[in-house]
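Undergrad: Listed below are the residues making up each chain.
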Amino acid sequence: MTAVAERVFAVLLRLYPKEFRARYGPAMADFFRERRLAALESGESRFGFWLRVLRDALVSAAAERATAVARRARARSHMSAHARSTTRRDVRASGRASHNDGDSPMSILLQDLRSAARGIVRHPGFSAVILGTLALGIGANVAIFSVVNGVLLRPLPFRDAARVVSLTQAAPYYSVSEPEFRDYRNGLKGLDGLAAYTNGIGILLRGGESQQVRAARVSDGFFSVLGTTPVAGRTFTPDEEVRGGASVVVISYQLWQRSYGGDRSVVGSEQQMASGKATIIGVMPPHFDFPSAEVDIWVPLRLDYDSLWTRNNHYLQLVGRLARGASLDGVRSAALALDRQWMRDYPETYSGTEPMLPTLEPVADTIVGESRPYLLALLGSIGFVLLIACVNVANLLLARGEVRRKELAVRAALGASGARIAGQLLTESALLAILGGAIGLALAVGGSRLLVALAPASIPRLDQVTVDWRVALFALGVSVATGLLFGMVPAARAARRRSAHPLKDGGRAGVATSSVKRVRTLLVASEVALAVVMLTGAGLFLRSLRELQQTDLGFDPSRLLTMQVTLAPRPYNDEEAALFFDQATRRIDALPGVEGSTAMGWLPIADGGGAWSILVDGRVVKNISETPASQPTQVTPGYFATMKMRILRGRGFTDTDAADAQPVVVVNESMARQLWPGLNPLGHTIRMMNPESPWVTVVGVVQNMRSSGITADVPPTMFFPYAQAAKSAYYAPRTMTLAVRTTGDPLRLAPAVRRVLHDLDATAPVSSIRTMESVLGASMASRHFTTDLLLGFAALALTLAGIGIYGVVSYAVTQRTFEIGIRMALGAAPAGVLALVLREVLRMAVIGAAVGMAGAVVMARLLRSMLVGVSYFDVGTTVTAVVLLAGVALIAGTVPARRAMMVEPTEALRGG
Amino acid sequence: MPRVPERSHPESRIPLTPVELLVLTMLTAGDRHGYGIRQDVLDHTNGEIALEAGNLYRTVRRLENDGLIEPGQPPNSDPHADPRRIYYHLTADGRRVLAAEMRRLRSLVRLAEERRVIAPVPR
Chain A
0 MTAVAERVFA
10 VLLRLYPKEF
20 RARYGPAMAD
30 FFRERRLAAL
40 ESGESRFGFW
50 LRVLRDALVS
60 AAAERATAVA
70 RRARARSHMS
80 AHARSTTRRD
90 VRASGRASHN
100 DGDSPMSILL
110 QDLRSAARGI
120 VRHPGFSAVI
130 LGTLALGIGA
140 NVAIFSVVNG
150 VLLRPLPFRD
160 AARVVSLTQA
170 APYYSVSEPE
180 FRDYRNGLKG
190 LDGLAAYTNG
200 IGILLRGGES
210 QQVRAARVSD
220 GFFSVLGTTP
230 VAGRTFTPDE
240 EVRGGASVVV
250 ISYQLWQRSY
260 GGDRSVVGSE
270 QQMASGKATI
280 IGVMPPHFDF
290 PSAEVDIWVP
300 LRLDYDSLWT
310 RNNHYLQLVG
320 RLARGASLDG
330 VRSAALALDR
340 QWMRDYPETY
350 SGTEPMLPTL
360 EPVADTIVGE
370 SRPYLLALLG
380 SIGFVLLIAC
390 VNVANLLLAR
400 GEVRRKELAV
410 RAALGASGAR
420 IAGQLLTESA
430 LLAILGGAIG
440 LALAVGGSRL
450 LVALAPASIP
460 RLDQVTVDWR
470 VALFALGVSV
480 ATGLLFGMVP
490 AARAARRRSA
500 HPLKDGGRAG
510 VATSSVKRVR
520 TLLVASEVAL
530 AVVMLTGAGL
540 FLRSLRELQQ
550 TDLGFDPSRL
560 LTMQVTLAPR
570 PYNDEEAALF
580 FDQATRRIDA
590 LPGVEGSTAM
600 GWLPIADGGG
610 AWSILVDGRV
620 VKNISETPAS
630 QPTQVTPGYF
640 ATMKMRILRG
650 RGFTDTDAAD
660 AQPVVVVNES
670 MARQLWPGLN
680 PLGHTIRMMN
690 PESPWVTVVG
700 VVQNMRSSGI
710 TADVPPTMFF
720 PYAQAAKSAY
730 YAPRTMTLAV
740 RTTGDPLRLA
750 PAVRRVLHDL
760 DATAPVSSIR
770 TMESVLGASM
780 ASRHFTTDLL
790 LGFAALALTL
800 AGIGIYGVVS
810 YAVTQRTFEI
820 GIRMALGAAP
830 AGVLALVLRE
840 VLRMAVIGAA
850 VGMAGAVVMA
860 RLLRSMLVGV
870 SYFDVGTTVT
880 AVVLLAGVAL
890 IAGTVPARRA
900 MMVEPTEALR
910 GG
Chain B
0 MPRVPERSHP
10 ESRIPLTPVE
20 LLVLTMLTAG
30 DRHGYGIRQD
40 VLDHTNGEIA
50 LEAGNLYRTV
60 RRLENDGLIE
70 PGQPPNSDPH
80 ADPRRIYYHL
90 TADGRRVLAA
100 EMRRLRSLVR
110 LAEERRVIAP
120 VPR
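Protein chains in written order, with numbering that gives the first Met the number 0: chain A, 0 to 911; chain B, 0 to 122.
Keep in mind the hints are simulated off the structure, nothing from the lab.
The reader is advised that the hints may include incorrect statements.
Negatives, chain A to chain B, calculated, CB over 10 Å [as the list claims (entries may be wrong)]:
hint, residue
1, V10
2, A56
3, I107
4, N311
5, G382
6, R585
Simulated restraints on C-beta separations [unchecked claim]:
hint, chain 1, residue 1, chain 2, residue 2, range
7, A, E40, B, S106, 37 to 45 Å
8, A, A61, B, V108, 29 to 37 Å
9, A, A67, B, V108, 34 to 42 Å
10, B, E113, A, R75, 31 to 39 Å
11, A, E406, B, N75, 47 to 55 Å
12, B, E112, A, R75, 45 to 53 Å
Quick reminder that beta carbons are idealized off the backbone N, C-alpha and C, glycines included.
Only chain B is shown next, with the shape it has when bound in the complex:
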């Protein structure tokens, strides 16, 4: 098996911070710009988590530096495309890391179910 460079090994990047997890997850639905990510997170968490600019873009910087996301093309359907706007796209590495994190969380949830912390969900 070819030696995978250490940097791109998904296990080395997890666990993700809560905000990193949210951002990567929202990007699975498609390319988003900063405010779009915030909107998606708000919708998904019923308005509980509202990301502000600094917090969001620091996370974006970390994810971009680690190659998990990259700037992408703005969709043609965005008539209000502000030239300052950057759309972000989940990379293959990012998808792999996200998957590794979800697997970790799933095993944690299973443990919680076994120990009756939460009721098991019928599968």
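Isolated chain A (complex conformation):
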């Protein structure tokens, strides 16, 4: 017991400064021994004894350290005062650093920089390795940051962009109706302006060609809310924004360059459109991607405020500008209050069970919000890679520090304080880091271009990615931080160890002190931990991606060619439209290489959304809020077969479901479950809210199909035969998407399909020709891109960690050559030596892996919103990461370990 107590006291003694410990430590240990004996004899309570001893040690050690610091400071100022009157001596060892602490900080810095530069030049190989590591690490970080900067940080092209907000409703409303827009405008406090917009299609007729473009129909005040000045011409005047105003249009920069060659004279000219002539009055600047990057023209919405559409019809998106002094939360509360007011005033429109919930967010979030988590995950991941690179560089510098002990000892002997030497080493590190960072910045310019080229189009604002001042500042900051980080370890060691012992022992590079070993073990363990975290993260993303890719979509996306066709400008009545699509699909079916074709109101995954209120089974309900809703789509008879959707009950559509036949509908599983739980839906009826709509009979139930996006839930969906849609489903859309199932490569049939459509109507524009698989790919593109990059970074981290472990073990083996020689001379088997070395490796790896696993759980929790179908605490992925790392560690350690095995005892003993 006493021996244990004395060992504990020995540990407590380490709290005291080294000099004090050297002088009084033994006496204090003797004191403690007597004290302990006396305490045992007198029956002093053990708790009380240790409490007093501990308190005394903590307080007096802290006081002694503080006194020591003060004493050193006093001694330094005495020394500089003394040295100022003498000539300075140059130290030959490695450059002319003066140890004159009385010099101004600036001159000290300059001296250190000169000496550091000389050091770099004198060891070109060593410096090249360090600079290369730093350049790659910092360069990769800067490249990723340039993407983050372009997408997330660069200001949007709106005046005072932070104050521009989008106002939407949560499910199930999503958008806003015309009366609600008017009421918000009149009643919502805290906004300096509120405008509405909706998406549409425009058809430009030029040179006999129809060109379909994305249009945004915008209410009055739209452009003033956003505050962007056109690059040519102007935006709408108040007269043009109301009914009866002139027919005008504003075009996008892309359209201007693409279709008009950037010709300024186009402003003021007339453009023939499917809806009539329109004057082009202005061109928006480049990157004005509102409401989306695809929008090519803006036309006035022209709401009739005297005769607004019904309150129940939600289709408008809103954008507003926060007034000075107003807050987002304040306006949100005000909007909620208004919504509640409406629910009270219009109970027949708003359901109590589906309350309105206004969503207000900065427009930046609307535009880039989806990409933000992916980009930040990438930034975090590449940051880890840099940390691992820092550890490697720190280890390299530590190794060199051992070699430089003599040089530093000479300096210390000549009067340089520990802080001074530490400062010099830090300056060297900072110089290396800044040089590495400069090279890295140059690499990043190319790197960011490469990233932009590889990045999917689903990441918005990629055209804004450039190396600007923010990126350069980031590069500088990262370089300096990196330098301090890896420089701190050798500098702290140098500051602490100022004894002249290295000069006495004849300069043998000899025994690695236990503290160095501890530091290096810590460094390598931290590398391992970081690598485990990264591998786990990448693994989780990969599993997520696989889960998504294997999701049952409810239809077969392979070998499916899709394109959009609009029946315009030629006018079609409902029969003609139905005839068009009927003939189109028949002719396409006849093409060689085609298994089947169909036309549909919207394309799964890419589109979807919107829901119509319906009445069920003859129950006419006055209050619209009490009716269920379902997502509608109009399809031609070949739909279910072409999409390969399983019909669970009843049938699909046939040619007999013509305009004059009994109105029918096919519903999906969700709708059947919701409206007729536990019953057979066949034979039941539904009806649109419009009193003229006929009751429609359910003739089939089809399996659920994923509509908008893969991860969204499947809403109730109803399918109407296109031929009947005008009567039973409000209208038959003139813009439809064609899907053609082919036997071979879908795109090879695109020209033939286009020809069919051209033959039927040469003026009907065809657009968005792509395969279903590319649509799928696009919906997962951000995730796929991020996963690929994360895997790449994790592989890089693994390699760097392996190199780090190799370096440390290799160096340790060299250091211990003497010891190994002795062991083998005394009869140790080579295998035993191998085991000795590998045990060290395993120890470092185990410590690192344990910390890494804990870190991985924390990281996965942060990422969990991005993971699909994978729990953030996934044992399999974590274990795989650890096993991979252990494997790399063992391999990295085995190479030098084998070298240890082959040590010749006699050589080792002689050389040591």
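With chain A held as given, fit chain B onto it using these hints.
TA: Structure of chain B alone, referenced to chain A:
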């Protein structure tokens, strides 16, 4: 009168801290090692003041640095002489400083007696 180096002028070193005063006073009885000093202080203050290692040796360091005490020879009569043990000896300077401090305290005590803070001790 020869100029006395500033460092060794007793007045410059006072007032002493309570622990310094105790340590110097106990050493007037003869050389002591660390634990011995603690024992003496305990006895003298009826167990009220118990010096622990850190506190004691910090004081020892200050007194040693100022030349008031110095390491001395262990007494021959100590059969358990642990080689780690250091015995401390009051130097002449230390004696002078201690005397100066005691004189200062005495005048303070006299003032307290005059003002009836404590009853005067019959001399």
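Undergrad: Are the hints correct? Go through all of them and say.
TA: A quick look at each hint next to the structure:
| no. | hint | in the structure |
| --- | --- | --- |
| 1 | V10 | 14 Å, holds |
| 2 | A56 | 5 Å, violated |
| 3 | I107 | 31 Å, holds |
| 4 | N311 | 81 Å, holds |
| 5 | G382 | 43 Å, holds |
| 6 | R585 | 99 Å, holds |
| 7 | E40(A) / S106(B): 37 to 45 Å | 42 Å, holds |
| 8 | A61(A) / V108(B): 29 to 37 Å | 35 Å, holds |
| 9 | A67(A) / V108(B): 34 to 42 Å | 37 Å, holds |
| 10 | E113(B) / R75(A): 31 to 39 Å | 49 Å, violated |
| 11 | E406(A) / N75(B): 47 to 55 Å | 50 Å, holds |
| 12 | E112(B) / R75(A): 45 to 53 Å | 49 Å, holds |
Hints 2 and 10, counting from the list given before, are not met by this structure.
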